[in-house]
Amino acid sequence: MFYSGYVLPKELFRPRSVAVVGASRNPEKVGYGVFANLVQAGYAGALYGVNPGGGELLGRPLIPSIEAIDGTVDLGVFVVPPKAILEGIPALAAKGMRAAVAISAGFKEVGGAGISLERDLSRAVAAAGIRLIGPNCLGVIDTHASLNASFSHGTPPKGNIAFFSQSGALCTAILDRSIGENIGFSKVISLGNKADVSESEILEFLADDAETRVIIGYIESVDDGRRFLRAARAVTPRKPVVLLKAGRTAAGARAASSHTGSLAGSDNAYAAAFLQAGILRAETMEELFDLALGFSMQPVPRDGRLLILTNAGGPGILAADIAERLGIRLAELSESTRGKILPKVPPTASLGNPVDIIGDARADRYRNVLSALADDDSIDMVLVLLTPQAMTEPEETARATVSALAGTGKAVYASFLGGPAVAESRRILNAGGIPSYIVPERAVRTAHAMLRYSRLRTSDFPEGGESAGKRPPAAERAIGLILASGRQGGEEESRAILEAYGFSFPRHAFAETSAAAVEAFRSLGVPRAVMKIVSPQISHKTDVGGVRLNLSTEEEVARAFMEITSSVRRLAPTVWIAGVSVQEMVTGGRELILGMSRDPQFGPLLMFGLGGIYVEVLKDVAFRVAPLSRRDAEEMVREIRAYPLLAAYRGSEPADEQAIVDALLRLSALSCDFPEIQELDVNPVQVMPRGGGLRAIDCRISIAEARA
Amino acid sequence: MKLYIASTSEYSGKTLIALALGKIWSGKGVKVGYVKILGKIPVAEGGRVIDDDAAFIARELSLDGPPEAVCPVVITQDMAMAAYRGEDLRLRGKISAAVHDAEARSDVLLLGGTANLRDGTFFGLSPLELIVNYDCRVLLLDKFKGEKSMDQVLWAAAALGPRLLGVVFNRVPPAQEAFVRGTAAAFLEARGVRVLGAVPQDPLLDSVSVGSLVESLSATVLCAPPAPETMIQRFCVGAMDVENAFRIFRMIPRKAVVTGGYRTDIQLAALETDTVCLVLTGGVDPNDIILARAREKGVAVLKVPGDTFTTVERFEQLLGRLRIREPEKVRRGVEAVRAAVDTDGLLSLCRNP
Numbered sequence: 001m002f003y004s005g006y007v008l009p010k011e012l013f014r015p016r017s018v019a020v021v022g023a024s025r026n027p028e029k030v031g032y033g034v035f036a037n038l039v040q041a042g043y044a045g046a047l048y049g050v051n052p053g054g055g056e057l058l059g060r061p062l063i064p065s066i067e068a069i070d071g072t073v074d075l076g077v078f079v080v081p082p083k084a085i086l087e088g089i090p091a092l093a094a095k096g097m098r099a100a101v102a103i104s105a106g107f108k109e110v111g112g113a114g115i116s117l118e119r120d121l122s123r124a125v126a127a128a129g130i131r132l133i134g135p136n137c138l139g140v141i142d143t144h145a146s147l148n149a150s151f152s153h154g155t156p157p158k159g160n161i162a163f164f165s166q167s168g169a170l171c172t173a174i175l176d177r178s179i180g181e182n183i184g185f186s187k188v189i190s191l192g193n194k195a196d197v198s199e200s201e202i203l204e205f206l207a208d209d210a211e212t213r214v215i216i217g218y219i220e221s222v223d224d225g226r227r228f229l230r231a232a233r234a235v236t237p238r239k240p241v242v243l244l245k246a247g248r249t250a251a252g253a254r255a256a257s258s259h260t261g262s263l264a265g266s267d268n269a270y271a272a273a274f275l276q277a278g279i280l281r282a283e284t285m286e287e288l289f290d291l292a293l294g295f296s297m298q299p300v301p302r303d304g305r306l307l308i309l310t311n312a313g314g315p316g317i318l319a320a321d322i323a324e325r326l327g328i329r330l331a332e333l334s335e336s337t338r339g340k341i342l343p344k345v346p347p348t349a350s351l352g353n354p355v356d357i358i359g360d361a362r363a364d365r366y367r368n369v370l371s372a373l374a375d376d377d378s379i380d381m382v383l384v385l386l387t388p389q390a391m392t393e394p395e396e397t398a399r400a401t402v403s404a405l406a407g408t409g410k411a412v413y414a415s416f417l418g419g420p421a422v423a424e425s426r427r428i429l430n431a432g433g434i435p436s437y438i439v440p441e442r443a444v445r446t447a448h449a450m451l452r453y454s455r456l457r458t459s460d461f462p463e464g465g466e467s468a469g470k471r472p473p474a475a476e477r478a479i480g481l482i483l484a485s486g487r488q489g490g491e492e493e494s495r496a497i498l499e500a501y502g503f504s505f506p507r508h509a510f511a512e513t514s515a516a517a518v519e520a521f522r523s524l525g526v527p528r529a530v531m532k533i534v535s536p537q538i539s540h541k542t543d544v545g546g547v548r549l550n551l552s553t554e555e556e557v558a559r560a561f562m563e564i565t566s567s568v569r570r571l572a573p574t575v576w577i578a579g580v581s582v583q584e585m586v587t588g589g590r591e592l593i594l595g596m597s598r599d600p601q602f603g604p605l606l607m608f609g610l611g612g613i614y615v616e617v618l619k620d621v622a623f624r625v626a627p628l629s630r631r632d633a634e635e636m637v638r639e640i641r642a643y644p645l646l647a648a649y650r651g652s653e654p655a656d657e658q659a660i661v662d663a664l665l666r667l668s669a670l671s672c673d674f675p676e677i678q679e680l681d682v683n684p685v686q687v688m689p690r691g692g693g694l695r696a697i698d699c700r701i702s703i704a705e706a707r708a
Numbered sequence: 001m002k003l004y005i006a007s008t009s010e011y012s013g014k015t016l017i018a019l020a021l022g023k024i025w026s027g028k029g030v031k032v033g034y035v036k037i038l039g040k041i042p043v044a045e046g047g048r049v050i051d052d053d054a055a056f057i058a059r060e061l062s063l064d065g066p067p068e069a070v071c072p073v074v075i076t077q078d079m080a081m082a083a084y085r086g087e088d089l090r091l092r093g094k095i096s097a098a099v100h101d102a103e104a105r106s107d108v109l110l111l112g113g114t115a116n117l118r119d120g121t122f123f124g125l126s127p128l129e130l131i132v133n134y135d136c137r138v139l140l141l142d143k144f145k146g147e148k149s150m151d152q153v154l155w156a157a158a159a160l161g162p163r164l165l166g167v168v169f170n171r172v173p174p175a176q177e178a179f180v181r182g183t184a185a186a187f188l189e190a191r192g193v194r195v196l197g198a199v200p201q202d203p204l205l206d207s208v209s210v211g212s213l214v215e216s217l218s219a220t221v222l223c224a225p226p227a228p229e230t231m232i233q234r235f236c237v238g239a240m241d242v243e244n245a246f247r248i249f250r251m252i253p254r255k256a257v258v259t260g261g262y263r264t265d266i267q268l269a270a271l272e273t274d275t276v277c278l279v280l281t282g283g284v285d286p287n288d289i290i291l292a293r294a295r296e297k298g299v300a301v302l303k304v305p306g307d308t309f310t311t312v313e314r315f316e317q318l319l320g321r322l323r324i325r326e327p328e329k330v331r332r333g334v335e336a337v338r339a340a341v342d343t344d345g346l347l348s349l350c351r352n353p
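Going down the list, the protein sequences come from chains C and W.
Read in our numbering, the first sequence has 111 at position 111, and its numbers run on one by one without any break.
Read in our numbering, the second sequence has 224 at position 224, and its numbers run on one by one without any break.
The set of hints was computed from the structure by calculation and includes no laboratory data.
No residue lacks a Cβ here, since even glycine has one placed at the ideal position from N, Cα and C.
Errors might be hidden in some of the hints.
Not close to chain W: a few residues of chain C, all C-beta gaps over 10 Å, as computed [stated by the list, open to error]:
id, residue
1, GLY184
2, GLU201
3, LYS340
4, LEU481
5, PHE561
6, GLY579
Derived Cβ-Cβ restraints for the label pairs, each shown as a range [unchecked claim]:
id, chain 1, residue 1, chain 2, residue 2, range
7, W, ARG181, C, PHE510, 53 to 59 Å
8, W, ASP206, C, GLY111, 37 to 43 Å
9, W, ASP202, C, PHE510, 41 to 47 Å
10, W, GLU328, C, GLU653, 26 to 32 Å
11, C, LEU549, W, VAL221, 19 to 25 Å
12, W, ALA175, C, GLU476, 52 to 58 Å
In isolation and in its complexed conformation, chain W is listed as follows (with noise of 0.2 Å):
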């Protein structure tokens, strides 16, 4: 039985309903494997490409084998180029294989999709075709967003008929949730299309770990977080004078404070209010009163060497497309997963469609 988990745009949430499932299913006594069909994500260790996130619900999930097991495919720049060239990639012998392979091992596979229906073409890799070939019944996920995800999904229903087994919508604003479960739900279950779920916004599962800023923003760390995995919700930029800085820093809670390294009056009011860490650009170090300040009140201070729009870039870069890895929000994730999704109903629905 293979589950294809497909979603309407990038970052609506397909790896963490892969790894809700794997953990609640498993937990059933349901033998669930995982195959990536495409990584987009990679990594280079020794000599050889990984897919990050395929990597990552394999460890979570205990899934054993090679790394080519849960992601056969990876694209690489090579890779891409050969595709512009029009060479033969050879992409569907080694997808097949690690699909059949992993099939023959588990009571359900999910297969993780790309971006959206049609990510993977220019490699060769239809989305639609694949889960023909396949034989895959669907599950697709989308990032409410009023009548756009409406449009998408109506036409992904139409695109995959009866294959298609039900939509979750993920990361609704807690303001929409009674429309999604109401309204919305009812238009679509009136085209025939069901309605599984609708997983609220979090802002935990939207924030970022200092660990992964660190590694991010390339930042050099000047005071250590209490834990890496200490979590962000807000990124705050210190470029007004210092009263509005209070006033506004008073309002966001978690949040970390981008200034020049140079604002000693930015960084004393970020540190008198509910600050995780503090980022100074212009690779200026603070005064010695603001490190002992931060390591008594446990406050990371990164120190970047790029300037504060620079660096505000990439913070905006990061938003809303952050990979669930540190423990809290897997644990976070999974739950809301548990309380929104109809898992049992989908797991029904995966053995008698």
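Just chain C, with the same shape it has in the complex (with noise of 0.2 Å):
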């Protein structure tokens, strides 16, 4: 990727002038939408249509050429075929030009003669030093400028949601949507093919958008990992960033890579991303469009305590399941409000958290309650339920809960089940700021992650443990003798390597007959060994019978090299047999797996999970991106599901957790100190109780060549 380098100029969004290059008056083409958007959102600066054919075009005369516009051009929009957008850009620069949108298609995203015209494109907007947006994208919005340099259907209204997309037809389809819905946006960015801006530069322009209070995305993949959590880290604790990231799934991945033309990286490594720099992750369009609305319109809630308001037990009880469900404290009503409420509601209301007035309750009822609320500082966030029954007031209720709580930093939350009887007061809730959802389920996520996100801004990002840039000689010697034979270091090399890195190894001796594996028992002395074939072409050593258990007597020992040994000359007759190896067996510990690859976007992306059947058929393992913090690592041993089995059960001792984060921490600096290592798995490790620290049992490490 070619970037231009220059800051974002305010004239992309704010700018003086616009030219549209290719507007059109047949009204079914492109350069006719965006120039119509334009003239139709009120944009107020000067703007000039280029036609070669002139003419008019809603009441404005069109200019046959570039170099005919008489004045200066702040912002260029492309409509025109790839080789004019690569003419008009220095003409447009030499009008004074600092911004460009291409919106026209035929680039990478076509591939063959594309892939070549969209190098050339970077290389003019760097040459003109100016920034373009695209192309292969819709344009770009800005509600507060009435700008619309897009040919979206429709602006929407003003507002404080930011959005960007890497897909143009999901932008239409979001606007439209917000239009329908009377939903608020200040800037919406089509990034299309990303040729110059990357979604890195767009979040940010956002973080310091006086308009924006909360920023939405949809990416398919990003372009610079490692830059893309830089800009994130910087931008999330002063505003929350809600992302929807498509290609979760091998088939989703694949689409998207064909979709964009770049490797789409793991999902595990974006989640990790993501988690790492405070990006909250939106499963669905659904939840991307109800966590904006909640930030755009709510305070960020200061604690946790969630009050449910409802006239009826079902929605009541369904949504406190949800709130328990993902760990939201229920509030206990102070002494006083009590006090207050009390005589406002019949005797058969319930005032425990769900708040029920039950099902005869009017629109005063729920302002009296929503009243006595106000006061309460145990209660962080309010959700208010209501269901229509004969007597129900949905509108003046809106009203009552929209008025009420106004003002007093608490974050409110409405869902009005039903259908057309609930239809406007919904409407009411929306115009008075208040986030309305049609299911109780939506409204308690939403909750859910904006406290997410109010804890998530209050610890700062730590620092990862970045390298010294030491590399151990002991480690670079060991790597150079991997890369020698091939990419696949044996047990020796990958164990040499990561002793370099302070993991310590069970006691172990080499032996190349019976009779010294025999000797070599006897010289460790323990009470039991295991065997592993030693050879630098055999990874997977029980796959060839390379490995022996539980050996307690020299007559085991002997009779396991013999078996060992000869098992290998059967299954693998071409491989080099060096030997045995004689390991001290180590027990009374818990099995965990420790790893690393690489990620093409976002490098190393560690793992860790417990060993046996936790990784392999329940999956349950954690990623973070390398380097890892302290805090990091801390928390991928506390978030997979077996975190419990490591505490105190059973009459076991808790497991030595500090040790696993140590291990964690250094298996970061080695992979960041080391780029040449692909791969990385030290599986078996055994965790002893607390304070017995680590012994891995086994490892392994690929190489490639360092990438420059």
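Two chains, two frames, a set of hints: combine them into the complex.
Here it is, written out as structure tokens:
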């Protein structure tokens, strides 16, 4: 990727003048749609439509060429074929253009010649000293500047949600919906092929945008994972960022790769990076919208105590269930609040949480209870539920909900259940700044996401233990050996590398013959031994019968030597057998797996899980992108579902959690120090009871030439 | 009478020839014995190491006696290390005892040789020396490879002299059969080398049974084949998109398809075509539909922990170096030798060199 490197100019969204190159009088053409949107959104600056045919469009004269424009141009919008864009950029730059939007397709996404055209476009942009959005995009919108330089169907209302998207089609879908539901946007940016401006820069730009309160986005891939991580870390403490990332599954990732032409990287890496950067991830478009509305309309909750107010038992219980499952605390009414509410509700009302003011509640009962809640400091979030009975007053209740808690700093959400009976009340809620959800579950999930954000924001992003840049000589030598003999490290070399990073292995001795193996067993003086084949050509030792456990006599050791070496000679007749390794058999620990694989976008991706079925069958693993901070490592350990197994249970001592955290940090340093390491598995690792440390039992490292 | 079965390279079919000659000649009332001089396929069993091939032939030919009788020396890691250190391995005595003992009990004693006429020298067992010391006749086997084969055979003929009774070309591709029987045979005959047969290549003999595949790959059986000896003839990697997979899969009969456990599309395509076995990589279980369909169609489904690349590497190591174990292969192999080799001529040559 080729970045021109200039900071995004303010003229991208606040141009004093705009030229639409390719403005068309044919209403079926994109060049018409863009020009018409600029006119109809009420853009107040100078607007030039460039079309060689000349004539008039929507009451404005069309100019036959760029050269014929009389005046300066801040923003150029291109709706012409690729070659014409390449010519138009220097021409408009000569008129003072600072930023451009290339809407036209026909670049990288079509392959072949399109790829070199896109490279030419990047060069032209850099040479002209401008910044460019696109190509192959919908365009950009800034509602607060009445700028709609896109071919969207209509212009969304003003608002505080900024939306960027790698998919133009998704932009139009979301915009159309927002117009229908009166949801306001500050800016909309369709990124297209990202020939110049990337999602990372847009994030940084929106962080400083005064009209934007929440940033939402749809991405299929990021171009430079590490840069994205840095950008997001700088933005999320200031504003919430909610992203919908496509390509979760292998099928989705394949589709994303063929759509964007870039390796998608693993979803595990994205999930980890989002977590480490404080980005909230939406699973669906619905959730993206739900969270956008919540952040857009309500304050970020100070703390996590939720009060549910309802006129019906069922929905209240449903909401409480979800809250509980997500780990949200239900608030308890204070004595004084209780005292205020009691005289205003019938004796059958329930003053627990949910507060159930029963089916005949009219708007005034809701209003009375809500205003009582306003002064209760033990409540941070309020969810107002309503089901429409004959006597219910949905609209009046909506108005009461809007006014009663305004300015209290409490986050308020509503879910008025039903159809036509509550349609108008939902409109009132939204217009009044209360996000309204058709089912309680979505309201609770939104509250939960906002709560998570408030916690993320209050804790700084720890700087990871970026490596000191020192490469221990012992590890350097072992890497050299592996490189010289192929790409797959044998156990000896892999062990040397890990030992250089403080991993300890069971005591072991190498033996070439059965007599030497017996001698090794004797000199180790351990009650029980493990024997493993040593051959640089064998990576899966058990597959060729190359491992024996639980050897406790010299006879067993001698026999194991014969069995192991015979089995390998038979099943892998072409490999060279160096001998066997006789090792102390480590017992009394719990089995773990630590690993690293290098993600094409985010770099080293560290993995942690409990060994055996927990990883293989249950896929119970935690991922983070290196470098890890201590907090990252601690979270990794606690994140797995099997974490309770590391604590004391059934009479066993708790495991040495601190040692696991240290090991993860050292693996992180190793992965950063040696970019040649492509993959690394320490599997299994035994973690001993607290204070006992870790013992790595087996390991594998594979190497590639370091990328420049 | 001792007939040493020599070959120009490994995996040229010595075991099959020995087995076939044993069966065919016994059928004519000849007492046939067998000793494999140097075992290289060790199986550790009950504290001792026996050779897998020799034990198999002993069973097939109903030869009595302990494993040492058919294979007095099996190479172990200990033995190899001792040889490096120049220790006296005292192997000759063991071999002589086995040979003399077996000879006394048979009309014709077949001696299974090593991979080529040099193989074994490291252990002090030079094949050429052994042939002279035990006063053997020699049958030479060669996996036909055109001019390279001519080089190998002519060199061996010069080294063996009149002890060489003749040569059998094995695994001859069908397109080259006429050439081998005509042009190549005429060339060798003109130089005093008798060509006793040309055994055509047989996909079945090169195939592997699902059972031995399970062993070689250390695979988990998710859906058992109709019988462990169900044969696989070809391997196919399912890494392409599904349209191409269909086209390719249709062309390849009795195949095993290696593909990722999550590639349901490829698995379905494989099950729609003539597939014997699915090998699913990455330790991923297939979905239930695949298993149900496989069960219905009698297709074996195996799961291996390694990735597709590693698994294919292991497959490739297997191909062309498969041992004959399954009854179907034994029958077929013996019939092929009976049809293509002048076993009667060879027998009379043995008796009256």
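Item checked: Index of numbered hints that the structure contradicts, given in increasing order -> Going through the list in order, the structure violates hints 5, 6 and 10 and respects the others.
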